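If you read the protein sequences in the order shown, they are chains X and Z. In terms of this note's numbering, the first sequence has 40 at position 40, counting the first letter as 1, and numbering is strictly consecutive. In terms of this note's numbering, the second sequence has 215 at position 215, counting the first letter as 1, and numbering is strictly consecutive.
Simulated from the structure, these hints should not be mistaken for lab results. Just so you know, nobody snuck in bad clues.
No farther apart than 25 Å at their CA atoms in a straight line, the calculated lysine-lysine pairs in the DSS-like style are these: (1) Z:89 - X:74; (2) X:74 - Z:246; (3) Z:246 - X:9; (4) Z:89 - X:55; (5) X:55 - X:9; (6) X:55 - Z:245; (7) Z:89 - X:141; (8) Z:6 - X:114; (9) X:74 - X:114; (10) Z:6 - X:113; (11) Z:245 - X:9; (12) X:114 - X:155; (13) X:55 - X:74; (14) Z:245 - X:74; (15) X:74 - Z:6; (16) Z:246 - X:55.
Now the stretches of chain Z that chain X is said to cover, found in silico as 3 or more residues with beta-carbon under 8 Å: (17) 15–28; (18) 88–94; (19) 97–110.
Note that this is a predicted model, so its numbers are computed, not measured. Using N, Cα and C, we set each Cβ at its ideal position, and we do this for glycine too.
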Amino acid sequence: MGEFIVTEKLTKFYGTVQAVQDLDLQIHSGEIFGFLGPNGAGKTTTIRVMTTLTKPTSGSVRINGFDVVNEPDKVKNVIGVVQQHLSLDRDLTVRENMEFHARLHHLGAAERKKRISELLEYVELADCANRMVDTLSGGMKKRAAIVCSLLHEPKVLFLDEPTVGLDAQGRRRLWDLVRRLNLDGTTIFLTTHYIEEAEALCHRVGIMHHGHLIALDTPEALRKKLGAVAVETLVDNKETRYRFFADRAAAARYVQTLPPNAGTVIIRDSNLEDVFVEQTGEKVGGA
Amino acid sequence: MLNALKDVYSVLWVDLRNLRRHWRSTLATSLVQPILYLVAFGYGLGGGINVGGVSYLAFVIPGIVALTSFSASFNGAASKLQVDRFFYKSFDEFLMSPVSLYSIVVGKALIGVVRGLISSGAILLVGFILSPTLMVNPLLLLVLFTSCFVFALFGVLIALVINSHQGMSTFSNLVMLPMTFLCGTFFSLSQLPEAAKAMLYVLPLTHSSESVRAAALGQPFPWLSFLALLGFGIGFFIGCIVALKKASV
Numbered sequence: 001m002g003e004f005i006v007t008e009k010l011t012k013f014y015g016t017v018q019a020v021q022d023l024d025l026q027i028h029s030g031e032i033f034g035f036l037g038p039n040g041a042g043k044t045t046t047i048r049v050m051t052t053l054t055k056p057t058s059g060s061v062r063i064n065g066f067d068v069v070n071e072p073d074k075v076k077n078v079i080g081v082v083q084q085h086l087s088l089d090r091d092l093t094v095r096e097n098m099e100f101h102a103r104l105h106h107l108g109a110a111e112r113k114k115r116i117s118e119l120l121e122y123v124e125l126a127d128c129a130n131r132m133v134d135t136l137s138g139g140m141k142k143r144a145a146i147v148c149s150l151l152h153e154p155k156v157l158f159l160d161e162p163t164v165g166l167d168a169q170g171r172r173r174l175w176d177l178v179r180r181l182n183l184d185g186t187t188i189f190l191t192t193h194y195i196e197e198a199e200a201l202c203h204r205v206g207i208m209h210h211g212h213l214i215a216l217d218t219p220e221a222l223r224k225k226l227g228a229v230a231v232e233t234l235v236d237n238k239e240t241r242y243r244f245f246a247d248r249a250a251a252a253r254y255v256q257t258l259p260p261n262a263g264t265v266i267i268r269d270s271n272l273e274d275v276f277v278e279q280t281g282e283k284v285g286g287a
Numbered sequence: 001m002l003n004a005l006k007d008v009y010s011v012l013w014v015d016l017r018n019l020r021r022h023w024r025s026t027l028a029t030s031l032v033q034p035i036l037y038l039v040a041f042g043y044g045l046g047g048g049i050n051v052g053g054v055s056y057l058a059f060v061i062p063g064i065v066a067l068t069s070f071s072a073s074f075n076g077a078a079s080k081l082q083v084d085r086f087f088y089k090s091f092d093e094f095l096m097s098p099v100s101l102y103s104i105v106v107g108k109a110l111i112g113v114v115r116g117l118i119s120s121g122a123i124l125l126v127g128f129i130l131s132p133t134l135m136v137n138p139l140l141l142l143v144l145f146t147s148c149f150v151f152a153l154f155g156v157l158i159a160l161v162i163n164s165h166q167g168m169s170t171f172s173n174l175v176m177l178p179m180t181f182l183c184g185t186f187f188s189l190s191q192l193p194e195a196a197k198a199m200l201y202v203l204p205l206t207h208s209s210e211s212v213r214a215a216a217l218g219q220p221f222p223w224l225s226f227l228a229l230l231g232f233g234i235g236f237f238i239g240c241i242v243a244l245k246k247a248s249v
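Bound conformation, chain X alone:
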C-alpha cells in the first residue's frame, strides 16, 4: 500500500488564530480514513489545504506525489471533493450539474454523456436525472453532490461531514455508497463528528483537537489502547464516571469492589467516543 496523501508539519494560521499545527499524516492508497474531532478542531481547514482551496502557512501536503501549492493542477485531477454544505447549482437539474462538472474537468461530449449515465446508475439517481436539485430529498442531494465529484474519476474522494442533516435511512444508504466506491478502488478521506460513522466505515481514524492530531490508528487499536471494556457508574444520579479495562473479567473484578450504593453500573464494550473523551476531556460535538 502506497502513501497517497502525505502531510509534513502542516500548519495553518488565520491571522493569529491557529487552525492546524504541525500535522504529520499519511493516508494509504485504498483506505477509508476518518478525520474525527469537534467543530473547530481543524478538520475542514485541513481538507481545504489538501484540496487547493487554502494555502498552508507552513509545512507541505503531497497528494499522489504532487505538491498542493506548487502543482495544484495535477492535484486537482486526482481529487474529488464533496463539501460539507451543498455546493450544487440549485437552479439546474441533476444532469445539468453533472454536465457542468464534467465540462470543468475537460471531458469531451461523448465521454460526458457516457460517464453521466453510468454514474447516475451507480448512485441510483437515474430516475431523478432531470429533476431540479431543489426538489430532491436531503439524501438524494448529497448523492447528487457526490456523483458530481466523481465525473473525472478521482483517485481520492474527500467527504466533509457527508451525513450531517440526513435521516437514518439516508445515512445508511450513503455509507453503502462510500463502501462501494472504496471497494471499486477510490481512497476515501472523510471528516465527521459522528463517532459511529467513523466506527462503521473507517479503516483508520485520526482524532483532531484544537488543531493537533492527538490519536491515529485503527478504531480497534485505539479502543484496545484505552481498554476494550468500559464501566459506567452513575454517581448520585447525576454524574457518570468511566473506567476502562482490558477485558470483562477485569471489569467485573472492579465492579465487585464498588460500594453497594454505587448506583447504576453499566459494563459494555468501549467505543471510539470513549477514546475521544479520554483523550480530550470533551464530548465530540462540542457539548
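Model the placement of chain Z on the given structure of chain X, informed by the hints.
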C-alpha cells in the same frame, strides 16, 4: 489558448443554462428602469429641448443605452457570482477544477456581457424606432460590447471583494446610483465646471456614455474615452485575479 477558450465557455455554460430558464423575468426587470428614464426624461422633461443641435430625445437615448449596458452587465455578472458564492456555495467548485483563474474571471464576466447586450440591445431597438437620427454602425456595436465587458468585469470584481448582500446594497446605493445620474447619461458634461468634470472622468460610465453617444449620433469619436474604458477593463480584470489569489491564502 483554445483550451482556455473552452474553459471560458464551460464557466459560462452553467450561467447560460440558468438564464435560459429565467430569461423572461431577467429581461423584463432590466428594462423597467431604462424605459422609465426614457419616458420621464426623454419625453416628460426634454420634450422641446435641444442639446448641441440634436433633440434631447436623440441625445438621451444613447446615454440610456450606455446606462443599461452598465447596470445590466454589472448586475448580471455580480448577482450570479454572489449567488454562487453565498447561496449555492458552488463557487469553490470552479476553484477546485483545473480551469485557470483567468478563464474563471472571463467566463463569469461573460454572463454579464450576454445580459448587458440583450438589455441594451433592446433599448437601442426602442430608441432606433423613436428617434431615427440614431445610427447603428459597427463602431457603436464595438463600443457597446466593450462597455458591457468592462462593466461585467467590474461586477465580478465587486462580487469577489464584497462579502455580504448588505455590502452589495451599500455599494449599489453609494457608487452605482450616483454614477447612473452623473456620468453624462442625462446631460452633457460640457455644462459642468472643470473640477466636477475631472471627477466624473474618473468613473468608467462617463467614458462609456460619451463613446456610445458619439458613435450613435455620428459625432467625432472620443478615442481617448474609448481607451480609458479599455484601461478600466484591464484594471478590473487584474483586480479580479488579485482578489481570487488572495481568497486562497
